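Following the hints, position chains B and C against chain A.
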Amino acid sequence: MATATGQRLNMRKSTLGRRAFLVSGTAMAMLPAMGFQLRAQDMTPVDGGILRLAFSADPAGMDPALGPSGMSHVVIEQIYSTLMSLDPDAQPYPDLAESFEVSGDGMQYTFMLRKGVKFHNGDDLTADDVKFTFDRLRAPDSGYAYDSQVATIKDVTAVDPHTVRFDLTAPTGPFLTYMAFPGSSIVPKKLLEGGHDLNAQPIGSGPFKFISYQPRSMITFEKNAEFYEAGKPHFDGIEMHLIADVTALTNAVLSGTVNFSNEIPPKDWQMVIATPGLSGQTLEGSRFYWLLPNHDRAPMDNQKVRQAIAYAIDRTAIVAGTFFGQATPILGGVIPEWNWAYANLDYFAPRGDVEKAKALLAEAGFPDGFETSLTMASSFPAMVSMAPIIQANLAAIGIKATIDTMEIPRYWDEIWAPSKFDMTAMYWVSPLADPDDFVYNNYHSGTALNVQKSSDAAMDEILVKAKSGTSQEARKQDYLEQQEMSLEQMPIVPLVNAWLLIAHTDKLKNYKPMRSGFLKTIKDAWLEA
Amino acid sequence: MNLSLRDFDWHRWRLVILGGAIIASILLCAIFAPWIAPYSPYDLDVVAMLQSPSGAHLLGTDELGRDLLSRTIYAARISMQVAFIAAGVGLVFGTLIGVAAAYFGGLVDLVLMRFMELLFSFPAILLAVVLMASLGTSILNAMIAIGIVFIPGFSRLARAATEVVLREQYVESARAIGMSHGRIVFVEILPNILAPLLVEAAVAFSYAILLESALSFLGLGAQPPEPSWGNMLNTGRGFMAQAPWLSIVPGAAIFLSVLGFNLIGDGLRDVLDPHMKE
Amino acid sequence: MGRLIATRLAAFVLTLFAASVVLFVTISVLPGSAAKSALGMEATPQAIARFEAQRGLDRPLVVQYGEWLTKTLSGDFGISFQNSVPVGPELVKRIPVTLELATLAFLIANLVAIPLGILAAARHTKRSDKTTTFAATLLGAVPNFWLATLLIMVFSLNLRWLPPGGFTPFFQDPIQNLKQMIMPALSLGLVSSALLIRIMRASMIEVLSSDYIRTAHAKGAAETIVIRRHALRNSLIPYMNVAAVEFGFLFGSAVVIEDIFRLPGVGSLVLVGIINRDFPVLLASALTITVFVLIVNLIVDLAVGLLDPRRITGSRA
Chain A
1306 MATATGQRLN
1316 MRKSTLGRRA
1326 FLVSGTAMAM
1336 LPAMGFQLRA
1346 QDMTPVDGGI
1356 LRLAFSADPA
1366 GMDPALGPSG
1376 MSHVVIEQIY
1386 STLMSLDPDA
1396 QPYPDLAESF
1406 EVSGDGMQYT
1416 FMLRKGVKFH
1426 NGDDLTADDV
1436 KFTFDRLRAP
1446 DSGYAYDSQV
1456 ATIKDVTAVD
1466 PHTVRFDLTA
1476 PTGPFLTYMA
1486 FPGSSIVPKK
1496 LLEGGHDLNA
1506 QPIGSGPFKF
1516 ISYQPRSMIT
1526 FEKNAEFYEA
1536 GKPHFDGIEM
1546 HLIADVTALT
1556 NAVLSGTVNF
1566 SNEIPPKDWQ
1576 MVIATPGLSG
1586 QTLEGSRFYW
1596 LLPNHDRAPM
1606 DNQKVRQAIA
1616 YAIDRTAIVA
1626 GTFFGQATPI
1636 LGGVIPEWNW
1646 AYANLDYFAP
1656 RGDVEKAKAL
1666 LAEAGFPDGF
1676 ETSLTMASSF
1686 PAMVSMAPII
1696 QANLAAIGIK
1706 ATIDTMEIPR
1716 YWDEIWAPSK
1726 FDMTAMYWVS
1736 PLADPDDFVY
1746 NNYHSGTALN
1756 VQKSSDAAMD
1766 EILVKAKSGT
1776 SQEARKQDYL
1786 EQQEMSLEQM
1796 PIVPLVNAWL
1806 LIAHTDKLKN
1816 YKPMRSGFLK
1826 TIKDAWLEA
Chain B
201 MNLSLRDFDW
211 HRWRLVILGG
221 AIIASILLCA
231 IFAPWIAPYS
241 PYDLDVVAML
251 QSPSGAHLLG
261 TDELGRDLLS
271 RTIYAARISM
281 QVAFIAAGVG
291 LVFGTLIGVA
301 AAYFGGLVDL
311 VLMRFMELLF
321 SFPAILLAVV
331 LMASLGTSIL
341 NAMIAIGIVF
351 IPGFSRLARA
361 ATEVVLREQY
371 VESARAIGMS
381 HGRIVFVEIL
391 PNILAPLLVE
401 AAVAFSYAIL
411 LESALSFLGL
421 GAQPPEPSWG
431 NMLNTGRGFM
441 AQAPWLSIVP
451 GAAIFLSVLG
461 FNLIGDGLRD
471 VLDPHMKE
Chain C
11 MGRLIATRLA
21 AFVLTLFAAS
31 VVLFVTISVL
41 PGSAAKSALG
51 MEATPQAIAR
61 FEAQRGLDRP
71 LVVQYGEWLT
81 KTLSGDFGIS
91 FQNSVPVGPE
101 LVKRIPVTLE
111 LATLAFLIAN
121 LVAIPLGILA
131 AARHTKRSDK
141 TTTFAATLLG
151 AVPNFWLATL
161 LIMVFSLNLR
171 WLPPGGFTPF
181 FQDPIQNLKQ
191 MIMPALSLGL
201 VSSALLIRIM
211 RASMIEVLSS
221 DYIRTAHAKG
231 AAETIVIRRH
241 ALRNSLIPYM
251 NVAAVEFGFL
261 FGSAVVIEDI
271 FRLPGVGSLV
281 LVGIINRDFP
291 VLLASALTIT
301 VFVLIVNLIV
311 DLAVGLLDPR
321 RITGSRA
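Chains as they are written, first to last, in the numbering used here: chain A, 1306 to 1834; chain B, 201 to 478; chain C, 11 to 327.
Simulated from the structure, these hints should not be mistaken for lab results. These figures come from a predicted structure and were not determined experimentally. Wrong hints could be hidden among the right ones.
[Said to hold, decoys possible] Part of the chain C face toward chain B, derived, beta carbon under 10 Å: (1) 28; (2) 42; (3) 148; (4) 155; (5) 162; (6) 166; (7) 169; (8) 171; (9) 172; (10) 187; (11) 188; (12) 266; (13) 284.
Ideal Cβ positions, reconstructed from N, Cα and C, are used throughout, including at glycine.
Bound conformation, chain A alone (with noise of 0.2 Å):
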């Protein structure tokens, strides 16, 4: 991932022809994507058009310091820039900077900024926001959620109008695809030091301009005409309807109100791109579910247990029961087959495995099997789905869980801060892409992700080496270790990796995907007359 240094760096190359990303029977659904995708290249851009796209949260803020929340983040996309950004792929390629050089140790790295970027009231960009940008989200007191992101940054120099070192504390493997992150989009010096306020008003250097925004309704933009990368974006402007419902969110995706979505439910999904003026994308992303059982709490400390009833899950129908199919089932390390560091390891059986989870049960110590609970947030769908399949998994071998459901706000605090469950699920959703962002949270000591209180020296150990390593390969070789280590551990029980699903007109072309759920590539694509 450290790359060659002086040289323009295009990472940009479609590499969603070579990968076989989806699993059995489903890979013929792609072919149309596919092709889809080949085609695209000989087709000439059409300028024009509204493309209004359907979502279901309202953003909690559009200042990328204080935007804690996802759609928070589709916003902030669409108005600013980043220093590096995501392919399709999720490999970082260099955005708002036109080259970089790493140095060979890891601990620094220097942006050359590309020349005549302007923010939409006309400033020019220059490294001095950048600095101010990294100073602002550094400061003790700036309530930005992933200052861990920027934690090993020592020192941020605006060498010349053009250029930004940053100086490191310490080797930082994930720092590019650190600087892809939309908190870390470029937000105006001068604008912020004369009181502005980004989340009443946000303005960025981005391929949209904000307009308005109505509360659980709309929010609206125009293209920004001084968009860096010339010709682009396509659209005229774009809507994002904010629709709470899924059911009524569906409905307008089908009723042509709007002509893109990825949050179409996964019961649908087959309706939807049956529909005809609709297409649809699915795509293999980092939308984790997993059961959490509480290290505190006897028997769920025992190892043997918790590989137990990972072994006894059948996780194929879950993926058929709560996804309706467009899910991968989770068979061995978390780390899913596009992202380079995928360990192709095979421990679990799709359908579970009985006889080996009941052995090990006995091996543990539990012959009989066991009472416990699995604590489920009832606010969520594919939870709730999906506990009834587990519980019935777990009974199976003899373990007696019985459900309990809780509303999100009350399952926060009382379930999930302070660790009251012996069992819950839970699913993460990667907005990086990078793999250290996929375990180091979750499976780490200490952190406030890991509710299930799970904690092993040589666990955070190959954790942190694996962030801090400087090559991919070395890299790849920790996650293998890191990967093959939780299985055996089993700290955490995988269940599957949900997909994208992304729905959008017919006349939308030249729409690619990306594997981290955003939408960085709208500014690519165009609405056909």
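This is chains B and C only, laid out in the frame that chain A set:
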């Protein structure tokens, strides 16, 4: 006194009997669910999901392959439990407050009834929804919340009925001979206000079923996978096109229960108050 | 008369004030922190503390209430926890939606109830009376959210005549607005009409059997004229009393119906506030609905008091 079936005034009691029959059947389903239901309500079979009614599954299956008929029968338990306990809570506390207000009068009356009026001015569903969010979603809390919603209605009725009784002479005589407050309430007052309270109770049962299913429908009552008609109706909403029976059946169950209690209430009202005879 | 208005208004204000206290207290003790709902699962304890401090959630309830009251009286309904946007403008935009829904539902209920109630009363003890009454009993037992679901299945999914939800303002596109409102209004209105049919019928029967009417009969006036002129006017007064209270109830039921049809009204805002633990939103919307109901009750009280000085005391339906 010899009462034979022929002498019984069937016609006068017809509504109560019809309603009673409906409710009795539902109660039987609730009580004997494990014996009546063909499957367990939790037995899932993902392969058999969303099947339309067939020989194996008389009312079809839901989104996880569970038998709809069995789930509907078991859900009767929750509805009946909530209905009885919520109505009971409303009846007991409402009566206490209403009788106390009328009996002691003065400041007690003023304070109590003002507070009841305040609660009464909140629309029932709104109050129930806010209470449920506050207490936390569980079946027990649904019973409490709905019970609280009923208290003002019962208290108002109890108070009015008690006032009527108080005007009668025998209460004065009872006080004169030194009967204690408690005895007066239980011996003289309560038996005489029972009639209108029972009618109101029947109405309360039916409204409790409606409120409980509305709360579950909104996700604030019984939580899945526990079957409740309301939350089954809510889940069915997501599958209206593929599996309409998921929306039709639970709603029909709610309808029948409400109808049954309404008929009993109407019938009792007719029987107990001949002046209202149509 | 002046005293009547004054006392009623004073009672209205006091009740409103008391209602706000009850709502405020109930909402403030909602379990599940507002901070976590707004900030998500990765929220650090510092971020949570910051969130709560910024919104004064860590101060005693009485202080919070006092501040809320002052702000609300000056028109400031607070800032949403979820998206940091003032609640006031959004609330104001939603009020017409709920008002339109309740009004349409009320119209439908009356359009059904008054003619049917009169018919049943006129044909008292005959077959059509019994059928009407029984139909009303059946209708009154239908849960309105079930009726809503059935209507959507038939008219949206099957026949594709009507959209399954959403809202377009009337002045923007009246046809689309009515298409979107007809099913919600029917769901609410039809079930309400069941009660009203019986009230109208009972009221008419009472009036028809009164001496006044018999006198008119004896004088030889034709039956229809008797009904139309005398009975109707007299029976409408107690009917409107109940109907108006039912109108107030509709605002409460609107919470569920707005949810089903995705109508951006005040009722659905209540649910949004609960799900997100967004206290300012929840408080403002719950209070608004309560205000509607109280206003309707106030108008009814005043109207009854003004129209009939003898003040028939009776319990409200």
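Hints, one by one, checked against the model:
no., hint, verdict
1, 28, "5 Å, holds"
2, 42, "9 Å, holds"
3, 148, "7 Å, holds"
4, 155, "6 Å, holds"
5, 162, "7 Å, holds"
6, 166, "9 Å, holds"
7, 169, "13 Å, violated"
8, 171, "16 Å, violated"
9, 172, "14 Å, violated"
10, 187, "23 Å, violated"
11, 188, "23 Å, violated"
12, 266, "6 Å, holds"
13, 284, "5 Å, holds"
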